[in-house]
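Novice: Sequence:
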Amino acid sequence: MVALIIQGLIALNVEDYVGQSYHGTLLTIAVIAFSVIFNTSTSSHLPMIESVMLALHVFGMLAITIPLWVLTPNLSHASDVLLTFTNEGGWPSKELSAMIGLTVPFCALVGFDCSIHMSEEIQDASIAIPRAIMWSIAPNAFMAFFMILTLIFCIGDVESILNSKSKEPFIQLFYNST
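Each residue of the sequence shown is one higher than the one before, counting from 699 in this note's numbering.
Misleading hints may appear alongside valid ones.
[What the hints assert, rightly or not] Dumping the calculated SDA-like pairs for lysine to any residue here, alpha-carbon to alpha-carbon at most 25 angstroms:
1) 863 - 717
2) 792 - 850
3) 863 - 702
4) 865 - 715
5) 863 - 792
[Claimed, not checked] Between beta-carbon pairs, the in silico distance windows are:
6) 791 - 817: 21 to 27 angstroms
7) 814 - 775: 42 to 48 angstroms
8) 873 - 758: 14 to 20 angstroms
9) 726 - 750: 40 to 46 angstroms
10) 791 - 727: 40 to 46 angstroms
11) 790 - 816: 21 to 27 angstroms
12) 780 - 816: 37 to 43 angstroms
13) 744 - 832: 20 to 26 angstroms
14) 810 - 729: 43 to 49 angstroms
15) 861 - 699: 29 to 35 angstroms
16) 748 - 794: 36 to 42 angstroms
17) 775 - 795: 36 to 42 angstroms
18) 780 - 839: 46 to 52 angstroms
No lab work stands behind these hints, which were simulated from the structure alone.
We put the CB at the ideal spot given by N, CA and C, even for glycine.
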């Protein structure tokens, strides 16, 4: 995904850029290579890096959402955002479309149990593991809900967002808002 975001930013900033599928592949290989080199060469410093990334995670969310709320020229009305349901995917009903749309948020709940698999290495695992899981889920759920509200109120014209040159809707949303 990072490689496609890079490719989308290039498409947005370079007028005559035409993205090819092999560009995304090469960028993906570069991102993976960077990740492997970074994780192997800085393994002794990973706890400190993770602490810095936690701060960036929280303050980065605020650094993204606050400008969107302030700079978006025409925020959507609450009735449009919260009470209007559409079925643009071609599914037989709005209900089925809504249920299929929920698969992405449900996937966010997969994988947090990885800490359970390492519980034999932790003292008082029956207390520490559930506490760690809840301390990771609760703040992230709150931040995700705030981010979702921000994006749906700032989205504007959905067709222009979906048909953007960057091929990444959130990049076009940021561009339109700022």
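Novice: Of all the hints given earlier, name the ones this structure violates by number, lowest first.
Specialist: 5, 6, 9, 11, 14, 15, 17, 18
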